[in-house]
Structures are given as structure tokens and as C-alpha cells.
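**Q** These are the residues of each chain, in order.
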Amino acid sequence: MNNKLKMTLLAAAIAGIVGCNDSTTAPAPLVVTALERSDITNANTPAVGQTDWFAEGDNSVTATRAHFETIENATAVRSKVRSLVNTAGVAKNIILFVGDGMGVSTITAARILDGQQKNSVDGGEENKLSFESFPSVGLAKTYNVDSQTPDSAGTMTAMMSGVKTDVGVIGVDEAIERGKCATVAGNELITALELAEISGMSTGIISTARITHATPAATYAKSADRNWEDVSDMPDDAIAAGCKDIADQLVKFETNLEAKFSGLDIDGLEVVMGGGRRHFLPKDAAFNSADAMSPAEGDRTDGRDLTAEWETAYPNGQYVMDQAGFDALDTETTERVFGLFNESHMQYEADRANDIAGEPSLSAMTEKAIKVLDNNEKGFFLMVEAGRIDHAHHAGNAFNALSDTIELSKAVQKAIDNTNPAETLIIVTADHGHVFTIAGYPKRGNPILGKVVSVGKTEPALAKDNLPYTTLGYMNGRGFRDLGAETDADVVYDEEPITGRVDLTGVDTTSPGFHQETLVPRSSETHSGEDVAVFATGPGSHLVNGTNEQSMIYHVMDFAGNLVKSADAIVSPQ
Amino acid sequence: MKTIFLSVCLMLSSSVIIAECHYDAKEIAGKYTIEIKDSDSGKLLNKEHLNVWRMGNSVAYENIDTQITEIWSLVSNGQVKPDRYFDEYKRGIEYQPADINNGKGETHWSAKYQIISEADIKKMQLEKTTGNACDELNHYVNHAAKNKFKLAWLTQLNLPKEMSYTQGKTLVTWKLQELMIDKEQIKATFVKRQNYGVTDYADIGDNESDPFLLKMINLGFVGHASGVYSANGEQMALEGEHHH
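Chains A and B are the protein sequences, given in the same order. Using the working numbering, read the first sequence as starting at 1 and increasing by one per residue. Using the working numbering, read the second sequence as starting at 1001 and increasing by one per residue.
Note that these hints are calculated values from the structure, not bench results. Don't be surprised by glycine CBs; every beta carbon is placed ideally from N, CA and C. Check each hint, because a few of them may be wrong.
[What the hints assert, rightly or not] A few chain B residues that face chain A, going by a derived Cβ cut-off under 7 Å, partial list only:
#1 Ser-1058
#2 Ser-1073
#3 Val-1075
#4 Asn-1077
#5 Pro-1097
#6 Lys-1123
#7 Asp-1200
#8 Tyr-1201
#9 Ala-1202
#10 Gly-1205
[Unchecked claim] Calculated Cβ distances over 12 Å to all of chain B for the following chain A residues:
#11 Arg-65
#12 Val-121
#13 Val-137
#14 Lys-180
#15 Phe-261
#16 Asn-316
#17 Gly-317
#18 Asp-355
#19 Asn-376
#20 Gly-445
#21 Asp-508
#22 Leu-519
#23 Asn-545
#24 Ser-551
#25 Asp-568
Required output: the full structure, derived from the provided sequences and hints.
**A** Dropping the structure here:
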């Protein structure tokens, strides 16, 4: 026993707390308990201004029970016998939201920022993003087959196909060799979106990144390299061997899928919205749109205009490239939409006003997509990616990462508002996290983007180096930069990294252009390897719990929508 | 009196004809040397070779020594889009408009297009004009700027023939060594870079296994002799200007 512990016990004994069973003295209570509470439960009437934590938890359980009761009732209509847990295919619609890089710390910080932006009187910590009220939550292990810390290509392939694979490859299994076209054949994976398409459901994909970027690409493409977004990105031997670029595969989605199954007749993707126009246009200024940023907007070196090819293939479809075109869409009469709103990635939500021709928000795209897709009585499958959370983190800029997470939350709310909960499975998750931390001991309600101010204090706490520090930070990356009101996180890429400690005394760390400090200098901040959260509501959502491989998400969607069996009935009629 | 008047008219007419320059200032290039000398001793500290290529709404700064070429393009909304090409590796990085210079890119187009901005030239004092036609030079100084700026400006081409300014304890001197007007050569300079493999700046974080990106990143991103700028994107030409 060390001396300190001995002294503590001695003092306690003297005070009558420990071990002194003196019959002449009444023993002091061991601990001060909440004896003031009314009864055996912890239910209590909080003082004015205090949160009723007990009631809040109780209400959450009640809401969850009501949720499953609703689904149970829907199940009963379809089958008087089968129970919820054994009934596949209850979900008419499936919506998968992916916050690219939206690790748990990002969700927590975004929740607080959202609350604080709403001027919460409780500090913001009590706030909930829309999907945090979903009844089912689990964790997903994100590693790729060959990588402890994953990338979006491998993780999204796992989610969409049910099979984990290597880093950097799209829609193919681990037998692939990245960058080798010849290894693709025979290793292609069929995705949940393809199964839904075969089954006759409407299908859609949305991303604020380029629509040929890894996450959206994994819903429809098979590629030995995530970077083969157009033909100019591919090595000559891959082109010669017959591999197709990702943009080509998007536009040829219908014919490519039909070619895989004899006699299959599908109608193709109904909704495609995102950035990445450059991969669909020829490298020729004559094809530039009004939104062009480069002298020649397109990158394609094969002279093909894939937007024109799409319009030819779908004469009833609407190709749009700006806010005005988006606004003009009539969702009740529009058969299908192909929206390419930016030459490269779409803007950060906070920077959207700076777009040349204007572009819609993620929530607006989600709402409009659902209204187009739900015209099909057989239901729909929709994947929605908030693609730029990841980019803001890579740039070391929490403001934009959190702002885009809040916009994702709004998009999810649009999905909730525009679908029937009894027949729609909504899953919200991330492909991977980032090395993004919430640290120190800031007091309740301290600005989440601010410097740490300790409980009971009004001035920033000082670290061992006598300098203030922020609550949010990154373990690695480009480090500190104070770019003031700049709402484009990527400005930092023109600056040399400043890692280590900086005197933040006179810096407004809550401004959009503030980039958090970091420890390890790197050209860009990295992904992290920890698990990500999976939130779910609707039919099949009860399967989301515990800690599972990320590939389980596909299987949950398959069960909820009965995707494999429905598709199999089409391609293998009895 | 009439005779004198006619003579003046003839002289003016004649000077207009003489002053014509048939070079296309929108498609032209200049080979520059940039010398950095110790202000006190005059010792040469560094010498760079920079070719500035202009074609339409794009201008390329080709640094022969670093083999890094920056191409700046004027976007339809008035912003400036920078792309950076690493000639040794035949690879490039593409940026969003106005991402350079801390979001002030839109104000720097003329500085990129003609090396020194029109606004800065207007702040200077014209000492004299010499030469004619394509060789017409306006000689400017800026006595108000503590960096002792001097400029010999090719008025018909909108390019400096020579300029110098102090920067810290050094004297920086740009000298035009050769003009290039071959339009095919100019076009080829841009097309060559357009055929490089390019990576969007925002995708660097997802591609650090790319050996080029790793190496290039270690070279650093900060611009090299791309107009008269400091590392943080602020214009250097009139640094320390005295305001009255």
C-alpha cells in the first residue's frame, strides 16, 4: 500500500467513514446518494431550466417501441403469420445515406454546432441531428481487406455489395489487383442498387462529390482503380484491354447490366445528381457549359460527349447543370434526371453561394430525387452521399466538415418527411472516420469551434505552454491556418503546413476559415481506422445493432427489400 | 498659320502609323531572367529563368529551373483558376477558382496576365516614354513605395521589359530576354500541360499512395515566381507604400 493511500484511509477512519465500527458513534453514510429523489426510480421533477434526463431516456424507449409497433402492423398486413424479424421485403423503399468521413466525433461536434447555431439555451450538447433519433444504432468495422485504415472505394464496395475488398478498387472483390484491368473480369460484384434496378424499383444516386468519385461509383461501376473516372485517367493498356472508365459505366449502366443477364430488360437509373461534369465532356472548349471553370471544361480525350449520349438514350430525361435547371424540374412529370452541377466536386454547403451558375443543396437534391423516384409503385433505392465532409477534414477545416454534416442531417430529414416510415428503410452511416478529436474540458455550452474555456471560467484555459487551445483538433494534417471568413476549406492547399502549437490568443477560431492545429505534419489530414456508427429506421432496421463488418449493411438492405430474391425471380424465371 | 497646322497634322498622322505594333498582345510570350542580389554588396544570390506565356484568357508561368508551370485562367465569373503542373513528372494539380491568394484571386487577374497589375502601374509616376511601336516603353518609378520600384513597361504588349524592386535586403530584377510571337509554339505550351495527368486538389487526401503526389507534396505548394507576389499571395510591388 502506498503512503498516499495509507494517509487517505487514515483520514477516512478518523472521520468515521471507513472501518471504525464504534458502537457509540453513529456511522457516517458511505456516500451521499440521491435520497432526495421521490421513490425507487430516478424519476424527478427537474428544476426550471434543467433537463429531465430520466424522462428523456424513458421517452426514447417509448418512441422506439412505437416505431417497431408501426412496422409490426405493416408486417401484419402483409403476412398474418410471419413476425417482423423473419419477414424479408417489407421495405418498399431503401435510402442509404453516407457521410463521407463522418466519424463519431464528427457527428458529435456537428450536433453541438447545429444546436449552438440554433441558439440553444442549453448549450447545444443536448441537440440531436435528424438521424440520431433513429431507433437502431450499431457500429461498423471499416477496415479494407488489405488496409487497416480504409478508403472510400473499399468501404463503399463493402456496403453496396456485401463483400469487403481492397483499398482503391470499385465494385470488385479482393482478388483484384489495383490498376490491372485484366484482373477485373470474373471478380465483379453485383450491388444493392443493381438488384433494385433488376427488381423493377426506381434507382437513384446523389453526391456532392463528383458522381464518378469512389463512393457513388461503387453503386454502379466495376473498376480496378477508383481514379479511372474518365478515359483520360486510364493507362493505355487498360483501355486496349477493354476496361471502361467510370463515367462511361454510369451512362451505359442500363445496357451494361442488361448484358449480364440474358433477357433482362430494365429502364436504368432514374436520378443521378452530383458534380463531375468534366468526366462526361470532351476536352474541347466548344463543349463548355456556362458553369465552366477551366478553359476546356471536359477531360475526355476520346471526343465523346456522354451527356449527349445520355440524352439520346433517354429522350424523356432531363439533363440539368445549374440551379435554374434544377428548380425547373417538375417531379411529377419528370421521368428521369441527370444533374451534373459542377465541373469537379460540388461546393461545400457554406461555400455554395460562390458557385458560378448556382447549384442545389444536398437536402434539396434529396427531396427532389425522392419525389421523382416515388412515382414508381414498386418502390425505389436511393443512395445519397455527403461527399465533402471528407474533403474538409482532409484540409483540416472543422467548420466545413461540420457544416456539411448538418446539411446531411437536413437531407435525412427531407427523406423522413417525404416517405412512409412503415415501408422505407433509411440507413445513415459513414464509410470511415477521420483523425478528428473533441478534447480538453470545455464547459457546457462552450462554442464547439472555440477555444477551451474550463467549467466556471470565462477566459480560455492555457496548456502547459501557456497558450490557449481549441476543443477540436486533428492528429495529423496541414495544421493551423487562419483564413478568416474564407468558406472554401481547400484554400489551405496553397499554404505550407504549420504544425505544432500556435498562439491562438488573438485568433477567432470559430470563423469558417480557421484550420485546427495538428501534431503530425502531412500534406493532408488522413482517414482514421476506428468504427463508424450506423443509424437505421424503418423495416429491417432492427438488424442494425452491435458491432459488425461494414459489409453487413448490404445484407440488411437485402433483407429489408428482399433484393436478391426479387432480382433472381426476374433473371431466373421459373 | 495654315501651313503650320497642316504640318502638325501630318506629324501626328505619321506618328500614329509609326506607333503601330503588329504583335498580338493576347498571344505572346516572354523569356525573363529574375536576379536576386544582395542590396548592399551587389552579390548575385539567385537567378531564375521564367517564361511567361499568354494565350487568350490564360497565362502560363513556366519556371525553367524548378520545372513547375502555373497556368492561370480567367473564369467566366471573373475569378481566376490556377493549375500547377510539374513538368518533370508530367502531372498537375487543379485548383478551384479563387482558391489561391486566400480567396482574393479575382482581384489578381491583371497581375497574373501582365505580371504587374494595372492598378499598381497607375499608382506609379511616369518619368518618360521612349521608343515606338512594339518597343514603346513607359518608364515608371514609385517614390512612395519603400521598395524602390522601377518599371520599364512595353505599352503595346502590356509586359514589363525590365523591373526592379527591393525585397528585404535583396534587390530583385526582372529582365525580358526575348519575345516570342509564334502562335503555334504558344499553343503547344498550353496543350502540352493539358495532356498531363491531373489531380484535383481536393482528392490529394485520397491519393497519398500515389508516388508522384507524395514527392510533389514534399516540394511544397507555394508558388514560385508567378507574378510579383509574396508567399502568402499578397502583391509585393508596392509593399510598404506610404499613405498620405
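**Q** So, for every hint listed, does it hold in this structure?
**A** Consistency of the hints with the structure:
Using the Cβ-Cβ criterion of 7 Å, the hint placing B:Ser-1058 at the interface with chain A is satisfied: the shortest such distance is roughly 6 Å. With its C-beta approaching chain A no nearer than about 5 Å, B:Ser-1073 sits inside the 7 Å limit, and its interface hint holds. The criterion of a C-beta within 7 Å of any C-beta in chain A is met by B:Val-1075, whose closest approach is roughly 5 Å, and the hint holds. For the restraint placing B:Asn-1077 at the interface with chain A, the shortest Cβ-Cβ distance is roughly 5 Å, inside the 7 Å limit, so the hint holds.
Because the beta carbon of B:Pro-1097 sits about 5 Å from the nearest beta carbon in chain A, less than 7 Å, this interface hint is met. Taken as an interface hint, B:Lys-1123 does not check out: its beta carbon lies about 26 Å from the nearest beta carbon of chain A, beyond 7 Å. Of the supplied interface hints, the one on B:Asp-1200 holds, with its beta-carbon coming within about 5 Å of a beta-carbon of chain A, less than 7 Å. Checking B:Tyr-1201 against chain A by beta carbon gives a least distance of about 5 Å; that is within 7 Å, so the hint holds.
For B:Ala-1202, the interface hint holds, the least distance from its beta-carbon to any beta-carbon of chain A being 5 Å, beneath 7 Å. Taken as an interface hint, B:Gly-1205 checks out: its beta carbon lies about 3 Å from the nearest beta carbon of chain A, inside 7 Å. With a minimum CB-CB distance of about 42 Å to chain B, A:Arg-65 clears the 12 Å threshold, and the non-interface call stands. Interface exclusion of A:Val-121 from chain B stands, the closest Cβ pair being 35 Å apart, more than 12 Å.
The non-interface label for A:Val-137 is consistent with chain B: the shortest C-beta to C-beta separation is roughly 27 Å, beyond 12 Å. The non-interface label for A:Lys-180 is consistent with chain B: the shortest C-beta to C-beta separation is roughly 15 Å, beyond 12 Å. Here A:Phe-261 stays apart from chain B, with its beta-carbon at least about 33 Å from theirs, past the 12 Å limit. Look at A:Asn-316: its CB is around 31 Å from the nearest CB on chain B, clear of 12 Å, so calling it non-interface holds up.
Every beta carbon of chain B lies more than 12 Å from that of A:Gly-317, the smallest distance being close to 27 Å; the non-interface claim holds. Here A:Asp-355 does not stay apart from chain B, with its beta-carbon only about 9 Å from theirs, under the 12 Å limit. Even its closest Cβ contact with chain B, about 34 Å, leaves A:Asn-376 beyond 12 Å, as expected for a residue assigned away from the interface. At roughly 31 Å from the closest C-beta of chain B, the C-beta of A:Gly-445 stays outside 12 Å, upholding its exclusion from the interface.
With 12 Å as the threshold on Cβ separation, the claim that A:Asp-508 sits away from chain B holds: the shortest Cβ distance comes to roughly 15 Å. No Cβ of chain B approaches the Cβ of A:Leu-519 within 12 Å, the least distance being about 17 Å, so the stated non-interface status holds. Residue-level check passed: A:Asn-545 sits 30 Å from the nearest beta carbon of chain B, beyond 12 Å. No Cβ of chain B approaches the Cβ of A:Ser-551 within 12 Å, the least distance being about 21 Å, so the stated non-interface status holds.
Non-interface status of A:Asp-568 relative to chain B is upheld: no Cβ of that chain comes within 12 Å, the nearest being about 35 Å off.
Of the numbered hints stated above, those contradicted by the structure are hints 6, 18, listed in ascending order.
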